[in-house]
Amino acid sequence: MRRVFLTGLLSLGLALPMAGLLHVAPVKAEDAASFYKGKKIKFIVPYKPGGGYDDYARLLAPVMEKYTGADVEILNKGGAGGMTGANEIFRSPGDGLTIGIINGSAMITNELAEIKGAAYKVAEYSYLGRVTADTRVMSTSVASGFNTYDSLKAVKEPFKVGATGLGGSTYVDTVIIGKVFEFNQDVIHGFDRSGPIRKAMKRGDVVGMWGSWGSARKTVKSGDNQIVMQSGKKRHKDMPDTPTIRELVKSLPNADKAMKIVVGWEALSAVGRPIAGPPGIPADRLAFLRDAFAKAVADEEFLGKAKKAKRAVDYASGDEMSELTKEATDLPDDVRKMFISAIRGEL
Amino acid sequence: MGILEGLVSGFAQAISLEVLPFLIVGSVFGMIIGIIPGLSGHFAMAMLIPFLYKMDPAPGIAFLLAAHATVAQGGGLTAILFSTPGTGQNAATLLDGPPMREQGKAGVAVGAAMTSCFLGATFGAVALALLLPVLQQVVLFFGPPEIFVLSFLALTFIAVLGKEDMTRSLIAGLLGLLVSMIGIDNVTNQERFTFGLLELYDGLPLVPVILGLFAVAEMFDLFVKGGSLVDKQHGALSAGQTQKQIFEGIGIAFKKWWLVMRCSAIGTTIGIIPGLGSAPAAFIAYGHAKQTSKSKETFGKGNIEGVIGAEAANDAVEGGALASTVAFGIPGSSSMAILLGGLFILGLETGVDMVTTDVDIVFVMIFTVIFGNFIGTIFGMFLVNPIARATSIRSSIMVPILIAVVVTGAFAAQGSLFDIVVTLIFGVIGYLMKILNYSRAAMLIGYVLGHAVEKNLYLATQLKGTLFFLSPIPLTLCLITLGFIAYNVYGMIKDRERL
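As they're listed, the protein sequences go chains A and B.
In this text, residue positions in the first sequence follow our numbering: the first is 32, and each later residue adds one.
In this text, residue positions in the second sequence follow our numbering: the first is -4, and each later residue adds one.
Calculated directly from the structure, the hints in this document are not laboratory data.
It cannot be assumed that every hint is accurate.
Unchecked claim - DSS-like mimics (lysine-lysine), calculated; alpha carbons at most 30 Å apart, straight line:
| # | chain 1 | residue 1 | chain 2 | residue 2 |
| --- | --- | --- | --- | --- |
| 1 | A | Lys288 | A | Lys70 |
| 2 | B | Lys291 | A | Lys341 |
| 3 | A | Lys249 | B | Lys459 |
| 4 | A | Lys233 | A | Lys288 |
| 5 | A | Lys291 | A | Lys210 |
| 6 | A | Lys338 | B | Lys489 |
| 7 | A | Lys233 | B | Lys459 |
| 8 | B | Lys49 | A | Lys326 |
| 9 | B | Lys49 | A | Lys70 |
| 10 | B | Lys489 | B | Lys291 |
Claimed, not checked - Computed footprint of chain B on chain A; a stretch qualifies when at least three of its residues, placed anywhere within it, have a C-beta under 8 Å from a C-beta of chain B:
| # | segment |
| --- | --- |
| 11 | 80 to 91 |
| 12 | 107 to 121 |
| 13 | 196 to 204 |
| 14 | 222 to 230 |
| 15 | 233 to 242 |
| 16 | 333 to 347 |
All C-beta atoms, glycine included, are put in the ideal place defined by N, C-alpha and C.
Sequences and hints are given; from them, build the entire structure.
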């Protein structure tokens, strides 16, 4: 009996280092597809279950499994407005087995403002691609009577705009665009999420708010709110009658300077919600993952489910993402300074 | 669709063969999640979401909501039997549940808790149904000024919870308020008491704090005392005794119907207000039960009214929480946010559509909450016997097992090692508070409501100026608060004279 035990112990002692040796065997010896076969990919969601980022992750997981041959395991790592998860992705080993979805524009604003917890560099992630980008819109309640840009410009008394805490995207949008158009506005900030702001609009506490078209759409459809302006180079296909900010800026006296700010601001939202891995993923694996992601977001099953869950898909490739993030982090100096003071609540 | 028509159609759908099996499976699943400490309703729902894509609306809703509805029941069961609240909202049950178990009345406590859960859930669901025609106005009623004054009123319950020692309760409550300040201030974006730790940016996580303060602290206490979870004199109950006790508990819950109603009303109201959550609901109901009881002094020593009040309120919350989700698509909690996502997947729109054309779906929800809790109650009663056996295991074996379960639960909720550290630290704090006789409930209320009070005060002053509380509704609520405090102070002075 003792001999059996000792033999077992000995073989274990021999097997472990050998397994270790196998583990560090050079990667290029095998191709990426066979590497992923049967492996487990950690997919980090930087927020708690429920909500947009989690939804996209859960929609993507089965199709990513289909095209990589690996098991995709979703891990919710909420905290610090998405920074905890973004840091974790950035710090994880670059073996191509950890990826995640990040809140691109918020991570960039945090990085620009040099928020202490931002231990990542947005431009250095390995991007698989982008699953969606929000069109940012300013919505106002129909009951408030502010139904156009002109009516907002014409006020004598300041109008109230609801926002989340300092640094949140609803807040940053409100102050930056407010500054561009020199709106006579009172920013009521400190709401937890966009839901309570919408309720405050309904109660008449505030007249409007900034947010994504995806979440504003419902209140427009119900007839409660209307959209007065939208981001983007062209008008969104669902909002053909709403002017873009670029159109409105043209009529301003200092149009050139204003346009420079708007371009920088839109570069932030173009980053959208990318799927990213840490820096340093071997080129063949990254190419394989990018290819799998491209197939996944074009998959009929995925698109059908996304449509059902009312989640818009706006794909951009991994290469395009690397470009977009460079543009967004490499802003003209005066624009960057303005954003930083907006994020810090000094504007 | 008219409301009456919706009611009939909703009922018919809920008991149809396409829906009922999902409802049953959902409630049993929720119950099991509830028994595991740390895992709560939103976890149960998030796990079920992937199944919804291929489901029809009614079965999908029943599946999702039934799982959510029974979580608090499972949590109540373990709170009473093992001093380990399965979810945050069961923390208030710990005040009187475990003392009853120690006195050999575990069956009575469980029977009463289960029944109160069912009655509370029914009350909340019926309230939702009755409010349907005016639902939008009711939800809009609560803006920042109103929420501030109401949370403030809720804070004053700290005083009631520990009336026998007001000073200690206030210290504990204020400590809770202080603890709630940890994290990034939502308004100014300043870090407060984070010591540069990224993990503290969002403040202390609720579930680990509750698990530490209550479950781990109880384990420490049990370990130090030795023995087992049941008193030596009484020993473990036999199957027959348990059965008899359960029926006795059910009877008591029905006999105290007026208390159940009042505590359920408290739960439903708090549910309607977004952001307060169900943990304070149960404590406030507990405070109310204690204050209106004829035998206040036995609260905390195994008074069944404490169990009934807490459990009725934490299930009545659901009806209220559903109200703002259904009426506006504004989720009051993370569970409701997941429900909202589920509704989208099933192709349903919340808001005006939901309370007019899809009103039958609202009734499917209402009946799901009622039937789900009923099934949970029945299932729970069968579970009591096998689980109760374990309470006689001696502490040197039981404590390590339960601590392992609790720590796993604390980790599982967010997958964060930091949460385990928080759980253990608050375990020590909770244990010290217990032996030094400071009210942990008061601390928890301060902690949970601190954030709501501060944030809404800031919003209210921004919106309506410094004198925001002088408008009619907040003023009325303020007067009620003052009256309540005055009544308590009066009661205290009278008690003192008597001594």
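Now for the hints, and whether the structure bears them out:
| no. | hint | result |
| --- | --- | --- |
| 1 | A/Lys288 x A/Lys70 | violated (51 Å) |
| 2 | B/Lys291 x A/Lys341 | violated (53 Å) |
| 3 | A/Lys249 x B/Lys459 | holds (28 Å) |
| 4 | A/Lys233 x A/Lys288 | violated (35 Å) |
| 5 | A/Lys291 x A/Lys210 | holds (13 Å) |
| 6 | A/Lys338 x B/Lys489 | violated (65 Å) |
| 7 | A/Lys233 x B/Lys459 | holds (16 Å) |
| 8 | B/Lys49 x A/Lys326 | holds (22 Å) |
| 9 | B/Lys49 x A/Lys70 | holds (28 Å) |
| 10 | B/Lys489 x B/Lys291 | holds (15 Å) |
| 11 | 80 to 91 | holds (count 6) |
| 12 | 107 to 121 | holds (count 9) |
| 13 | 196 to 204 | holds (count 3) |
| 14 | 222 to 230 | holds (count 6) |
| 15 | 233 to 242 | holds (count 4) |
| 16 | 333 to 347 | holds (count 4) |
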